[in-house]
Every structure is written in C-alpha cells, then in structure tokens.
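Peer 1: Please build the complex by placing chain B on the supplied structure of chain A, with the hints as guidance.
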Amino acid sequence: MQTFRFDPCRLPPEAEALRGEVRAFLSDALTDIPPVIRAQTWSGYDPEFSKKLGAKGWIGMTWPKKYGGHERSALERYVMLEEMLAAGAPVGAHWIGDRQSGQLLLRFGTEEQRQLILPKAAKGELLFCIGMSEPDSGSDLAAARTKAEKTDGGWTVNGTKLWTSNAHNAHYMIALFRTSLDPDNRHAGLTQFLVDMKTPGITIRPIKDLTGNAHFNEVVFEDVFVPDNMMVGEEGNGWTQVTAELAFERSGPERYLSSFLLLTELIRELGRTGDTSADAEIGRLVAHLVTLRQMSVSIAGLLEAGENPIQEASVVKDLGALFEQELPVKAHELAGVEPMLGTGSDYAQVLGFLTQASVSFSLRGGTREILRGIIARGLGLR
Amino acid sequence: MSEFRNILGETIDRLLADHVTKEIVQKAEEGVWPKKLWSALEENGLTRLMAGEEQGGAGGSWGDALVILRAQGRYAAPVPLAETMVAAWLLSQAGLDVPDGPLTLLTGVTLGKEGTLSGTATHVPWGHNAVLGVALVPGPDGALHVVAVPLAGLKMGLEENIAREPRDTIIFEGHAVTSAPCDLTEGMETWGALMRSGLMAGGLDYLLNQSVEYANDRKQFGKPIGKFQAVQQQLAVLATQAAAAGAIAGHACERVGEADDPGFEVAVAKTRIDEAVNMSTSIAHQVHGAIGFTYEHGLHLVTRRLWSWRAEYGSGRSWAARLGRQAIERGADNLWTDVTAR
Chain A
1 MQTFRFDPCR LPPEAEALRG EVRAFLSDAL TDIPPVIRAQ TWSGYDPEFS
51 KKLGAKGWIG MTWPKKYGGH ERSALERYVM LEEMLAAGAP VGAHWIGDRQ
101 SGQLLLRFGT EEQRQLILPK AAKGELLFCI GMSEPDSGSD LAAARTKAEK
151 TDGGWTVNGT KLWTSNAHNA HYMIALFRTS LDPDNRHAGL TQFLVDMKTP
201 GITIRPIKDL TGNAHFNEVV FEDVFVPDNM MVGEEGNGWT QVTAELAFER
251 SGPERYLSSF LLLTELIREL GRTGDTSADA EIGRLVAHLV TLRQMSVSIA
301 GLLEAGENPI QEASVVKDLG ALFEQELPVK AHELAGVEPM LGTGSDYAQV
351 LGFLTQASVS FSLRGGTREI LRGIIARGLG LR
Chain B
1 MSEFRNILGE TIDRLLADHV TKEIVQKAEE GVWPKKLWSA LEENGLTRLM
51 AGEEQGGAGG SWGDALVILR AQGRYAAPVP LAETMVAAWL LSQAGLDVPD
101 GPLTLLTGVT LGKEGTLSGT ATHVPWGHNA VLGVALVPGP DGALHVVAVP
151 LAGLKMGLEE NIAREPRDTI IFEGHAVTSA PCDLTEGMET WGALMRSGLM
201 AGGLDYLLNQ SVEYANDRKQ FGKPIGKFQA VQQQLAVLAT QAAAAGAIAG
251 HACERVGEAD DPGFEVAVAK TRIDEAVNMS TSIAHQVHGA IGFTYEHGLH
301 LVTRRLWSWR AEYGSGRSWA ARLGRQAIER GADNLWTDVT AR
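Heads up: the sequence lines are chains A and B, in that order.
All residue numbers for the first sequence refer to the working numbering, where the first residue is 1 and numbers rise by one.
All residue numbers for the second sequence refer to the working numbering, where the first residue is 1 and numbers rise by one.
The shape of chain A in the complex, shown without the other chains (with noise of 0.2 Å):
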C-alpha cells in the first residue's frame, strides 16, 4: 500500500560522536567566514577547506581504505554532510567527486583509474566537474551530441557540454559522450570517459549567473584526445551508469538545506525585534525542516543498506527545493528588510544572495518537472 519507503532511522552512537567532532572543528574552521560566503555553502569554492576535511578523513568516507578512504558508514557520512550543510561551510571544492565521482569509479571504473584518481581524491587534492548537459540537452539528456569517435589507442572527442559548475577549477570532467548512434533507441550509444581537463583542445569559457558569480562554464572540446583507459565503465553503458550517478547526486541533505542560513538569521532577527507575529510562519518552517531532515536520514537509512532510494530521493529533492526557494519569501515577508549585495546587515546579505540563487535550486539537478515524472513514474501512471 505505500508507494515510498521513509522508516524512522536511528543514527548509531559513532555517527553522533562524529557530530561532535565536526562541529568543534566548524566552530573553530569557520570563525572568519562571513554568513554572506557561509550561505553559498556546498556551492562555495575554497580548495585550502578541503584540503584540510581530507587530512581530517571527511573526504571519501565510505570508501575502501585501499583507495584512501575510510570504510566509514554511510550514516556516519551523512552526518558530517548535514554538520558541513547547516554551518555553511565552503564545501563545493571537492563535493561532487565525494557525492558522485568517486562512487562512480567505484562501481564502473577501471583498477587502474582507482588508483589513479581515488587516494588523491579523497586528500582533497583532486576535484572533478561533470560533463552531462549540452546547449540542446539539458533535462534531456538522453539527446547528448558531443560526440567521441574511435581512433588509435583511445577517441576523438568533438562538442561542447553545458552548466558545467566548477569546470574551470576542476582537475577531471566526468563527461557523458556519444559513441555510437542508434535511431530506435537514444539511449543506446552514450559512454562515460574521464577526461583530464588540461588535454589540449579544451576551451573553458565561465558563464556568469545572475548572482554575478561564475560557478558554471560552457566546455568546448575540438579533437580532443581520451586515451582508450580513460573510458568508465562499458562501451554504451552511459546511460544505466549515468543513472546511477544520479541517484548519488539527488539523494543528499544538500537538497533542502541550501537556504537553512536564512532561517537561523530570520530567527535572530525575530529574536532581535521580539516581533511575535510570525511564531506561526516560524513553527511552519521548522516543521517543514525536521520532516524532511528525518525523509533524508531514511533515505541515508537506505544507502547504507544498500538500497537505490531513486523514488525517494525524487520526493525529498521536491519537497526540499519548494522549502529552500520558500525560505527567502518568507524571510522578505517577515522581516521586512531590503535584499543588499555587499553592503547593509548580514541578514540583508544573506538575503541578496538568497533570494536570487534560489531560482536555480529546482533546475540544478534535476528540475522540478523531470523529478515529478520520476515519481509520476514510480507511481505507475507512465
């Protein structure tokens, strides 16, 4: 009778002490970062900070020690992710080869490739972007061009990939090419490569967001070379692996906890003014947080047993993005103060920043249309 499996999960006591060690090691890390940077959070670029969550073995927690990881629990994983989350914490260096590269490689890639790419990885050393969208394939992806194209020991890659956040800093590109072409199925004929960012023939041109930030690129490749060992996993398998990744990268607290600096900021501001008249708005948002923290502990819940939470990561991305993009209306609502870029209060900062990026938080990684065809999916009506 129930479609979604959210069961109350218990964190075991070596994931609450873990808590305990990374908020000391927060409290102190992140005295000198102001709330306006803290609120970019997991999309925040600080190498040095990642660096230093590899020395503390924070990077690369569930994987075999062999690759330089930790053989930690999924569950202890996740509550270093939410501590990260809720303090702000510049984490967007190394995130998406700790979210989804290196699990990746985990599953599909090559011996080889491990070694290569793992222990550096979870150093905080090696940080990797990933190459899914094109100009004529966002959501769907499955319409990807950029093609690669069999040469003497490895392929010729011709395209341009899209949205590529933190391609400019990245050391490796997870990319999805096109290596064959079947026309009665597009899902056929997509392969993932690794491809070393500085091969020539690359161009990388920042494109700036409406923040005014420039996190995400258009990647140019013009006869670029991938040697045939840099090929993840099987030849035209990109599609199930791809899949696969994505599951990683919508299943995580990120997901709804983008905008969580506004409320803390929102609370003090109410505090501040002894304002009562919005103890309801208040209470609403803070029901909607422990829902749907406790939806995304079940989820952590299932990955560590080994479960796919396809469904269920849909469901906690939906909820979460409506909850973060209501945040600065509610706060606009609330507190009645002007969004400021880089002058007035913290608040209004954080407010500025907020309330413009948070349009994009239903688009990236998924869009809100393409995950509630996935539970539209999940529910049989497709």
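These aren't lab readings, by the way, just hints derived from the structure by calculation.
Computed from a prediction, not measured in an experiment: that's the story for all the values here.
A few of these clues could be false.
Derived contacts from chain A toward chain B, CB cut-off under 7 Å, selection only [to be verified]:
no., residue
1, F4
2, P8
3, T264
4, A287
Label pairs and their in silico Cβ distance ranges [to be verified]:
no., chain 1, residue 1, chain 2, residue 2, range
5, B, A259, A, D7, 13 to 23 Å
6, A, D196, B, R342, 42 to 52 Å
7, B, R14, A, R145, 37 to 47 Å
8, B, P150, A, G336, 35 to 45 Å
9, B, R218, A, D7, 48 to 58 Å
10, A, A55, B, A259, 44 to 54 Å
11, B, K36, A, G306, 23 to 33 Å
12, A, D275, B, N44, 20 to 30 Å
Ideal placement from N, C-alpha and C gives every residue a C-beta, glycine not left out.
Peer 2: Structure of chain B alone, referenced to chain A:
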C-alpha cells in the same frame, strides 16, 4: 518494521477489508453502530493494543499504534478505535482498570479537590456510544491525573462533525469520578493531536492510491487521464505530501515515548500533516472530477474525515505558533542542535 508490527498490520488490514464496506460506513453516517466491526476489533485485542499488560492489554507503544491508526484512516473505519486505544493507554498510565466496550476522550473538564468532575466537554467522539470517558487534567497536586467517568445514562447533546461522526456535548456538574496521577508531562491536546496525525497519515495513503487508480481507469480524450502530464504532476505532488505525512507520523510516534519534550514531536507532526491534508484533499478531488463530489462515490468518506481531524486537538497553525515561539525563544544558534537532537 518488527515482526510484531507486520503481524499487526496484516491483522488489521484483513479485518478492516472484511468489515468496512462503503455500505457499513454510510449506515454509520445514519447513526447505525457497526456492531460486527466493533466486536471483531475487540475479539482480536486491537482495542487494547496500548493498554498495559496488567490491564489485559498488549502494552503496545505509539509506534505499534501507528500501524492501527494508519489502517483506520485508510479504511475510514467508523468506530472510536483510535480513541479507545488511546483512552486505554491513558488509564494504564495511571494504573486504572480498562473496561470492555468503546471508550472516548474528554476535553474541557476540570478535576475538583473532592475528586469531582466539572465543565462542558464538547466534541466528544462517539460520546453516546462509549461506556467510559477519559480525561487527562491537572490534579490538586499539580501532576496530571487520568480521570475515568462512566458515560452510560448521562444526558448529552448529540452532534456530529462533517465526517458525520458523533461529536457529543456533555455537561459535568461535580460528577464523582475515579482518578489517579500519572507521569505524563503533556496533556490531552498533545496525545489527541498525535492520534489524529496517525489517522490523517493513513487517510492520505488512501487518497494517493485511490487517485492513482482512478487516473489509470478514467479515460478522456481517448486515453487514461493519468497519461496527461498535467495530471501526473498533480499526483506526484499528492505523493510527496502523503510521503511527508507518513514519514513525520512515523518519526513522531517512534520518539514520543523517549523524548524529553514529546510536545515538540507532536507539534511538528500536526503542523506538517495538516498542510499535507490541505493540499492533498484538493488534488484528490480535482483528479476525480464530478464523480468524487457525489455521495455515491467513496472518496469523500476519507476527505471529510481528514477535514474534521485536521481541526481537532489544535489546528496545524496553533501548533506551529507554539513551535515558532519555542524556536525564537531558544534562539537562532540552538535551532540546528535542537533539530538534530531528535
């Protein structure tokens, strides 16, 4: 889920599937007590699930009870099963006897120094069907006392809510009652809200399944309406709301037994689930179209209950105000600590 809960779930599901037909529910709406259904529930020990072992019960937790509450909500079973379970639990908390027969819950009453009960209890579920009313009120010593008052023969104002369930009015003027103190720190509104939250989570399960089934069956413009993206997107929203309600009902029921402040868990659940009900009842009716608005179709047996339950033991908004005040007083820097302590 434990083996016990699996068995419990199978038992209640089979029992309600056998006994709760649309005809039975519609008869109950005309005032006919569903005797066979009630007997079956009592014979299977389900009414005493939360009663202590000394009271002849199973000593079940709120987590166990949620299995029953969700099932009752799904089937719109027209009996005070939830109220009887919770009343039996309250009696057991104070070491009082649990009688057979339907029990109900009283609010709006006070316990006098001489052990007498006064005040007007309104919206008493199935008051005129119940053998015993149970209240949870402060005693002269300041602790919460569980009060048991036999209801047979009392004069009552017979009323019903829009679910056409009895919600009677009883005036107490110094009635002699049995009472005993208990260790609970939260009053009836909290436990009533948790009970209604569990029922609502079950009702939402029904709305989702019923709406998906209807969308797959009903054809318009040459295909099932569930093939239209506009309908799919609406049903996906309903699914997320039902999922959130189920998740938080599960969490709240699991934690109230051990939390320092069970009122927090209940406030979160009632607030969130009320909102899920607001959205989901609209979507379910929208998807069903005119047929869902007829008395003939069964959809409203659940939606009318959801609209009634969300208003009882404090609206979501009143619980939200309590949560919000608490969060603001605890301060911004304690919010995350408080949330993760759950």
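Peer 1: For which of the previously enumerated hints does the structure constitute a violation, in increasing order of number?
Peer 2: 7, 8, 9, 10, 11, 12
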